[in-house]
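Number of protein chains: 2
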Amino acid sequence: MNIQNLSREQLAERLAVLTEEYNSYKEMGLTLDMSRGKPGADQLELTNEMLDPALLGNFKASNGFDVRNYGILDGIPECKKLFADILGVKPENTIVFGNASLTIMYDYIAQCMLFGCGEEPWSKQGAIKFLCPVPGYDRHFSILEHFGIEMINIPTDENGPDMDMIDSLIADEKVKGIICVPMYSNPSGNTYSDETVRRFAALKPAAKDFRVIWDNAYCVHHISDEHDSLMNIFDAAKEYGSEDMFIEVTSTSKITFPGAGVAALAASDANIAAIKSRMTVQTIGYDKINQLRHANYLKDFASVEAHMQRHSDILKPKFSAVLDAFDAKLAGKGIAQWTKPNGGYFISLDVYEGCAKRTVALCKEAGVTLTGAGATFPYGKDPEDKNIRIAPTFPSRDELCKAVEILCLCVEISAIEKILG
Amino acid sequence: MNIQNLSREQLAERLAVLTEEYNSYKEMGLTLDMSRGKPGADQLELTNEMLDPALLGNFKASNGFDVRNYGILDGIPECKKLFADILGVKPENTIVFGNASLTIMYDYIAQCMLFGCGEEPWSKQGAIKFLCPVPGYDRHFSILEHFGIEMINIPTDENGPDMDMIDSLIADEKVKGIICVPMYSNPSGNTYSDETVRRFAALKPAAKDFRVIWDNAYCVHHISDEHDSLMNIFDAAKEYGSEDMFIEVTSTSKITFPGAGVAALAASDANIAAIKSRMTVQTIGYDKINQLRHANYLKDFASVEAHMQRHSDILKPKFSAVLDAFDAKLAGKGIAQWTKPNGGYFISLDVYEGCAKRTVALCKEAGVTLTGAGATFPYGKDPEDKNIRIAPTFPSRDELCKAVEILCLCVEISAIEKILG
Chain S
5 MNIQNLSREQ LAERLAVLTE EYNSYKEMGL TLDMSRGKPG ADQLELTNEM LDPALLGNFK
65 ASNGFDVRNY GILDGIPECK KLFADILGVK PENTIVFGNA SLTIMYDYIA QCMLFGCGEE
125 PWSKQGAIKF LCPVPGYDRH FSILEHFGIE MINIPTDENG PDMDMIDSLI ADEKVKGIIC
185 VPMYSNPSGN TYSDETVRRF AALKPAAKDF RVIWDNAYCV HHISDEHDSL MNIFDAAKEY
245 GSEDMFIEVT STSKITFPGA GVAALAASDA NIAAIKSRMT VQTIGYDKIN QLRHANYLKD
305 FASVEAHMQR HSDILKPKFS AVLDAFDAKL AGKGIAQWTK PNGGYFISLD VYEGCAKRTV
365 ALCKEAGVTL TGAGATFPYG KDPEDKNIRI APTFPSRDEL CKAVEILCLC VEISAIEKIL
425 G
Chain W
5 MNIQNLSREQ LAERLAVLTE EYNSYKEMGL TLDMSRGKPG ADQLELTNEM LDPALLGNFK
65 ASNGFDVRNY GILDGIPECK KLFADILGVK PENTIVFGNA SLTIMYDYIA QCMLFGCGEE
125 PWSKQGAIKF LCPVPGYDRH FSILEHFGIE MINIPTDENG PDMDMIDSLI ADEKVKGIIC
185 VPMYSNPSGN TYSDETVRRF AALKPAAKDF RVIWDNAYCV HHISDEHDSL MNIFDAAKEY
245 GSEDMFIEVT STSKITFPGA GVAALAASDA NIAAIKSRMT VQTIGYDKIN QLRHANYLKD
305 FASVEAHMQR HSDILKPKFS AVLDAFDAKL AGKGIAQWTK PNGGYFISLD VYEGCAKRTV
365 ALCKEAGVTL TGAGATFPYG KDPEDKNIRI APTFPSRDEL CKAVEILCLC VEISAIEKIL
425 G
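Chains as they are written, first to last, in our numbering: chain S, 5 to 425; chain W, 5 to 425.
Derived by calculation from the structure, the hints in this document are not laboratory data.
Fair warning: there could be bad hints in the mix.
Each pair may be met inside one copy or between any two copies, as identical chains are not told apart.
[Stated by the list, open to error] In silico DSSO-like cross-links for lysine-lysine, where the CA-CA straight-line distance does not exceed 27 Å:
#1 K133 with K280
#2 K128 with K422
#3 K385 with K280
#4 K128 with K212
#5 K64 with K280
#6 K333 with K94
#7 K242 with K30
#8 K368 with K337
#9 K85 with K333
#10 K128 with K208
#11 K368 with K320
#12 K242 with K344
#13 K178 with K128
#14 K406 with K212
#15 K64 with K385
#16 K390 with K368
#17 K280 with K320
#18 K64 with K242
These numbers come from a predicted model, not from an experiment.
From just these sequences and the hints, can you work out the full model?
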């Protein structure tokens, strides 16, 4: 039943039925939160063993350093090795930081603003711009907006961003970079194709101080049994000699504990040297006890993958619940499209054009909090007002089922309202 | 025996004796490190119980938040309360950060550079200046130099910096701030007098965006049974309505574990609001597991003081060893002066004018690493080349005794060399 084919009478009738159903939910006084990409309570239990002090042994890192004291700017060797394995780079091309890759990205851009990356400081080059594949991650956009960097939307599909558009825009030397999530993207869950990654590596920006912030937050975060795989950006870049263009970050926030994990950066020799030189002023070093705890608990790549399978076991039914409800309630109605990701933390839902804000507002009234409409676009402005980021991980499966039921109702109600005008 | 009263012959004779002794040390091939303010291995053992996961209970902060998940930007309530008690401010005037107060200071100044604090960004106001009480902390100076902020030396005595000089310099609106360690100063160990603190509170800088970075790193770090006490800067500022001028920081780096502790900031309502607004872009929140661990282990101010007494029991004999050696080997010779701090991590040693570099080099040759001469001054330039920061905490007492023996020799050798010309 494609809703767009219904007569005005049929639509009005259907709206009345849906509204009645909606009102009955509203009367329940629910409070359901599907707004943020937070792991659920059961996921937090998976890593408790990491807090066993026995894992810290005699507190010595593999290089003999006591992790309880000052020292070691760029991370203990075993933790660098762990991230190197996860990201497929050499340990000397990684730096281990504190608890958040967001802070690494903020600091990197702050550094470029104040000191530049090889050229004049960005803050002294007038109005500069960044390319933002959309829909994307609201906190990326907040950083760029905070620094007054103009953001340009780049449409994406299942293969990643529109590379032709990027190729053409980077002829402007005021365009200083791109920020993106190449694997299990936030919010689509899509992974950039090999061709897309190669085209990133082959970019020839006019700006010599052009940087791609490659936020590989979900590199081991599979959900489906079918895993996506992302071509290694530094391997691809080597062919083009463009390694200096890429700053890759990741963290264990959704491997171990969000907020109490360890974050890392991977970059070329030149970028690593520049970043370390700034870090010597900024810190004596990050929390090495937490680094050792992570390295000894997560051990190696195979062990990380086994750990992630336990997350996946919890997340898969939640993602299925949402996708099944979408299939049952929205499919074929001509009013919504959504992604079916193999990993990550989100599903991207496109509702009827012009209806995202209204859908989110209707949900809110019925006690279901969604990520704000527009949040997946720079400046919070979705030009078509249709994208909603669905975050199925935090609620319990029961709560989630109820929330999605209400969401589907609201999607249809707002679409019919819109069509009726 | 004041060396300055000796004849050239007597000096030459004494130099020969000292040099022979020095050479015999040199032949031992020692490697002793008195360069950094690092706790010793025995101090690290004091806090191991904090790593017991039982201290984390059911992982809930006092406001019911699960510390293993995202959320809470400014610190869990019990950790804010702990720092509020330590600093004598209200919990709502504190923010709990990550592992390093150095990073808080770096970020605060970066923020002022890029966004200002109420006025134009500092980076857009041309050449700006900071006042630096000397001798001071090298990492403070590194931050200011990194941001291209001109540093002006302010002499200090046992009561703190020369406040008349500060009063006169702040008439220049290009002077944007002061950075200092008001209690058990690095390196003198002196604590600012009540009169000095009151004069800080009463400062009337021409610059409306003037800030005092009040690095209260050693606020509970007593060594002697006689404790210094520092007047509460915010209490003093209240009288003058100057609360917005002060940014106070501290950390548990030398209470629990250096690098794996928790750092905090205290500031006025207006400054807290401005800092939080920047933080929302920079991070989702800091490591709350470590915050809860600290709050439940350190409990309250009385318990912190009891814990610090255990550090003091270890540090007191080390400080005594240095001071006793200085008394025995250098007193009355007219070639050196030193402080006798009641707390902190350092002793400030002034050697014969023009001899600090030479003394440090002689020590180095004999296997004793000291903080670099000049490090206690902006740009690494001690105008009189006489100050050396002594850090007695890291070596064992035996190593320390040997190192100080050698140091005293080198102080005298370099002084005699200088006098002989």
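Going through the hints against the structure:
Within a single copy, K133 and K280 get their C-alpha atoms as close as 26 Å, and across copies as close as 26 Å, so both meet the 27 Å cut-off. In this assembly of identical chains, the alpha carbons of K128 and K422 never lie at most 27 Å apart, being 46 Å within a copy and 49 Å across copies at closest. In this assembly of identical chains, K385 and K280 lie within 27 Å of each other by CA distance solely across copies; the values are 24 Å between and 36 Å within a copy. Within a single copy, K128 and K212 get their C-alpha atoms as close as 15 Å, and across copies as close as 24 Å, so both meet the 27 Å cut-off.
Taking the shortest alpha-carbon separations for K64 and K280, only the intra-copy value of 23 Å comes in at or below 27 Å, while the best inter-copy value is 36 Å. Proximity of K333 and K94 under a CA criterion of 27 Å is satisfied in neither setting, with 48 Å inside one chain copy and 52 Å between copies. In this assembly of identical chains, the alpha carbons of K242 and K30 never lie at most 27 Å apart, being 56 Å within a copy and 50 Å across copies at closest. Taking the shortest Cα distances, K368 and K337 sit within 27 Å of each other inside one copy (23 Å), while across copies they are farther apart (80 Å).
Within a single copy, K85 and K333 get their C-alpha atoms no closer than 47 Å, and across copies no closer than 50 Å, so neither meets the 27 Å cut-off. Taking the shortest alpha-carbon separations for K128 and K208, only the intra-copy value of 23 Å comes in at or below 27 Å, while the best inter-copy value is 32 Å. Taking identical chains as interchangeable, the C-alpha atoms of K368 and K320 lie at most 27 Å apart only when both belong to the same chain, with a minimum of 26 Å there against 62 Å between chains. For a Cα distance limit of 27 Å, the shortest separation of K242 from K344 qualifies neither inside one copy, at 32 Å, nor across copies, at 58 Å.
Taking CA atoms no more than 27 Å apart as the test, K178 paired with K128 passes in both settings, with 11 Å inside one copy and 20 Å between copies. Taking CA atoms no more than 27 Å apart as the test, K406 paired with K212 passes in neither setting, with 51 Å inside one copy and 55 Å between copies. With identical chains, the CA atoms of K64 and K385 are never at most 27 Å apart, being 50 Å at best within one copy and 37 Å at best between copies. In the homo-oligomer, the alpha carbons of K390 and K368 lie at most 27 Å apart inside one protomer (17 Å), although the nearest pairing across protomers, at 68 Å, exceeds that limit.
Within a single copy, K280 and K320 get their C-alpha atoms no closer than 39 Å, and across copies no closer than 36 Å, so neither meets the 27 Å cut-off. In this assembly of identical chains, K64 and K242 lie within 27 Å of each other by CA distance neither inside one copy nor across copies; the values are 36 Å within and 47 Å between.
Consistency with the previously given hints fails for numbers 2, 6, 7, 9, 12, 14, 15, 17, 18, ordered from lowest to highest.
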